[in-house]
Amino acid sequence: MANALRSIFHPQVRGYADVNRDSMRLLTKPGKGYLALLGTAVALVGLMVFAELYQIAIGLGASGLTNPVGWGTFITTFVFWVGIGHAGTLISAILFLFRAGWRQSIYRFAEAMTVFAVLTAGLFPIIHIGRPWFFYWLLPLPSQRHIWPNFRSPLLWDVFAVTTYLTVSSVFFYVGLIPDIAAARDATTVPWRKKVYTILALGWRGTDREWKHFSRAYLFLAALATPLVLSVHSVVSWDFAVSIVPGWHTTIFAPYFVAGAILSGVAMVVTLMVPVRKVFHLEAYFTELHFDRLAKLLLLTSCIVGYAYGMEYFMAWYSGELYERDVFLDRVTGDYWWAGWSMITFNAIIPQLLWIPKIRRNLNAFFIISIIVNIGMWYERFVIIVPSLAHSYEPWKFMNYHMSWTEASILMGSFGWFFMWFLLFLRFLPGLSIAEIKEVLPPPEKHHYDPAEDEALKLVEELPTGYKEYERR
Amino acid sequence: MRKSRSGVLGVFAHLDTTTDAIRRLRSAGYDQLTVYSPTLRHEIEEALESSESPVRIFTLVGAFTGTGAGAALAIWSSLNWPLIVGGKEIVSLPAFSVIMFEVTILLGALATVAGLFINARLPRIGRPEALYHPSFTAGNFGVFAHVPRDRYDAVRNILTESGSEEVLVEQS
Chain A
1 MANALRSIFH PQVRGYADVN RDSMRLLTKP GKGYLALLGT AVALVGLMVF
51 AELYQIAIGL GASGLTNPVG WGTFITTFVF WVGIGHAGTL ISAILFLFRA
101 GWRQSIYRFA EAMTVFAVLT AGLFPIIHIG RPWFFYWLLP LPSQRHIWPN
151 FRSPLLWDVF AVTTYLTVSS VFFYVGLIPD IAAARDATTV PWRKKVYTIL
201 ALGWRGTDRE WKHFSRAYLF LAALATPLVL SVHSVVSWDF AVSIVPGWHT
251 TIFAPYFVAG AILSGVAMVV TLMVPVRKVF HLEAYFTELH FDRLAKLLLL
301 TSCIVGYAYG MEYFMAWYSG ELYERDVFLD RVTGDYWWAG WSMITFNAII
351 PQLLWIPKIR RNLNAFFIIS IIVNIGMWYE RFVIIVPSLA HSYEPWKFMN
401 YHMSWTEASI LMGSFGWFFM WFLLFLRFLP GLSIAEIKEV LPPPEKHHYD
451 PAEDEALKLV EELPTGYKEY ERR
Chain B
1 MRKSRSGVLG VFAHLDTTTD AIRRLRSAGY DQLTVYSPTL RHEIEEALES
51 SESPVRIFTL VGAFTGTGAG AALAIWSSLN WPLIVGGKEI VSLPAFSVIM
101 FEVTILLGAL ATVAGLFINA RLPRIGRPEA LYHPSFTAGN FGVFAHVPRD
151 RYDAVRNILT ESGSEEVLVE QS
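Protein sequences, first through last, are from chains A and B.
The opening position of the first sequence corresponds to residue 1 in the working numbering, with each subsequent residue numbered one higher.
The opening position of the second sequence corresponds to residue 1 in the working numbering, with each subsequent residue numbered one higher.
Excised from the complex, chain A in its bound form (with noise of 0.2 Å):
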């Protein structure tokens, strides 16, 4: 019974069928090489959980932040973590409303990445107080001296922007989940397992009524995860250039943190989809087209980032502003021009080379860069914040940051603990999107359309609904 279409966007895949059980593929074969990424990934968090327990104990005073530069790794990685978040969204909510196809198989994995790396960025903030047990103070709770947080601050609007993406993102992530965890149900034949999705998936059974209310749910709520994601790295910008710092106050950083956000995590879902494509085998959903649209994608942040870089060097200049010129100065030719050089090859440099179509189309070519970006975009937000902290205003107080061994580990930490859970996601939850590839795949018809014979179709195709979009093509 194959029928005769297929899909663009998955022309291996022959029907409905191949879906769930590709899909399913995904929960049962734990490899022995999953076990040791997984064991390797708990053990970072060892690490970081020790680190962390040192610091408490020593204080803050472990770390290597002292004056002027107050703000060093924790501050770094939390910014990189919250900008990784981004490429999420963008997948699965504005690529959404913008009814890209190609978003549909690669969107789960992104959303994860999303929920996780918000997540990682959500410690940080925490460890960097020094005093963790303290945190509910960024929170507004009534106290007994009836102080609340300082609304005009950044750093509360930030809590507010994290805390916001971190709840809308999981609950667009499990809303989207929904139909796929009642795949799972009906399919799996472990019992435990049986248990758990019957729970997760609410009673789902695809009827009219809940597709009805769960299309326009999911609408509702990927056009509000649109302007919140390019709100949350705009507040984060904020944490910096409402200050005075130099090198932080320009109102270039809303647009330049979003688009370097997008970029970092744009390179990130590769980074996690070329070994995931190869370990389980899933070619027929990430395909030479999802890659050359991401490369496309990863290119024009690229290009806008690189853009925001020279802008800032020649307003640092034009301004003639004394103080905003010797910092920038100092970022390419001072004590870290090292971190300033490896900014601008790793994310406005290298990634030029997708230019160039078979560059594009080599996975390992791609993953190599995806790396390389994931590597400049944590170098471009320490070259932000740290040579800007030690190196602004008087030369009395210049003085270099130095990492500590429990900032390291911590670093390193963060990272096992983003992979710890993205590894989790993949053996329980159905990685790839079984309801809405199959939106993008043409449904299974006993009378065989010949879109040539229809004369409504010409009408049909110009709806911007996607329906009949297969035909089209």
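Simulated from the structure, these hints should not be mistaken for lab results.
Please read all numbers here as calculations on a predicted model, not as lab measurements.
Every residue gets a Cβ at the ideal spot worked out from N, C-alpha and C, and that includes glycine.
Treat the hints with care, since some could be wrong.
Quick partial rundown of chain A residues pointing at chain B, CB under 7 Å, derived from the structure [as the list claims (entries may be wrong)]:
{"id": "1", "residue": "Pro125"}
{"id": "2", "residue": "His146"}
{"id": "3", "residue": "Trp148"}
{"id": "4", "residue": "Lys195"}
{"id": "5", "residue": "Leu224"}
{"id": "6", "residue": "Glu445"}
Derived coverage of chain A by chain B (criterion: at least 3 residues anywhere in the stretch with Cβ under 8 Å from a Cβ of chain B; other residues may be distant) [as the list claims (entries may be wrong)]:
{"id": "7", "stretch": "13-26"}
{"id": "8", "stretch": "177-189"}
{"id": "9", "stretch": "214-223"}
Given the coordinates of chain A, work out where chain B should sit on it, guided by the hints.
What follows is chain B alone, placed relative to chain A:
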């Protein structure tokens, strides 16, 4: 309106036969249908001529409640301890707009999910509203007609004629 639990379920392997069955049943006066599909298909919504979902009202009300709540929280708590910081107004609306925006999105999203759960009757605990077949999440479509026992044969004929692969009857 509460649908009766008794009825007949047709399992379909194809979308066009499913929509055909829906149209035939509806023209024969059987309007109480529950249609299962493995994915969202607008063809089914069209065949059912279903009305607009009220989830959008939840979203709108939730979002505006959020705007108000964000403003109220920031303004009230600033007035509650009127401390001038950085020479700014006690009620600094440009700064508070960020809080208002974030709470708008937060409550808008949560209200949307509430709207989904209330309208789609999730989570559904206990017996489902109609007979179900596990193949509906895999690849099959299903049409369940909520009808009394004396109409079983008539409905079964329509389902079979439309191309149903299998017809099941609710025994209870």
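These are the hints, each one checked on the structure:
1. Annotation: interface hint on A:Pro125 violated; nearest CB of chain B at approximately 16 Å, more than 7 Å.
2. Checking A:His146 against chain B: minimum C-beta separation of about 6 Å stays under 7 Å; hint holds.
3. Checking A:Trp148 against chain B by beta carbon gives a least distance of about 4 Å; that is within 7 Å, so the hint holds.
4. Restraint check, A:Lys195 versus chain B: the minimum CB separation of about 14 Å is more than 7 Å; hint violated.
5. Taking 7 Å as the C-beta contact cut-off toward chain B, the hint placing A:Leu224 at the interface holds, the least distance being around 5 Å.
6. A distance limit of 7 Å between C-beta atoms decides the matter here; for A:Glu445 the minimum to chain B is near 5 Å, and the interface restraint holds.
7. Under the rule that three or more residues need a Cβ within less than 8 Å of chain B, the assignment of the stretch 13-26 of chain A holds, with 4 such residues.
8. Here the stretch 177-189 of chain A counts 7 residues with a CB under 8 Å from a CB of chain B, which clears the bar of 3, and the coverage holds.
9. With a threshold of 8 Å between beta carbons, the proposed coverage of the stretch 214-223 of chain A by chain B holds, since 6 of its residues qualify and at least three are required.
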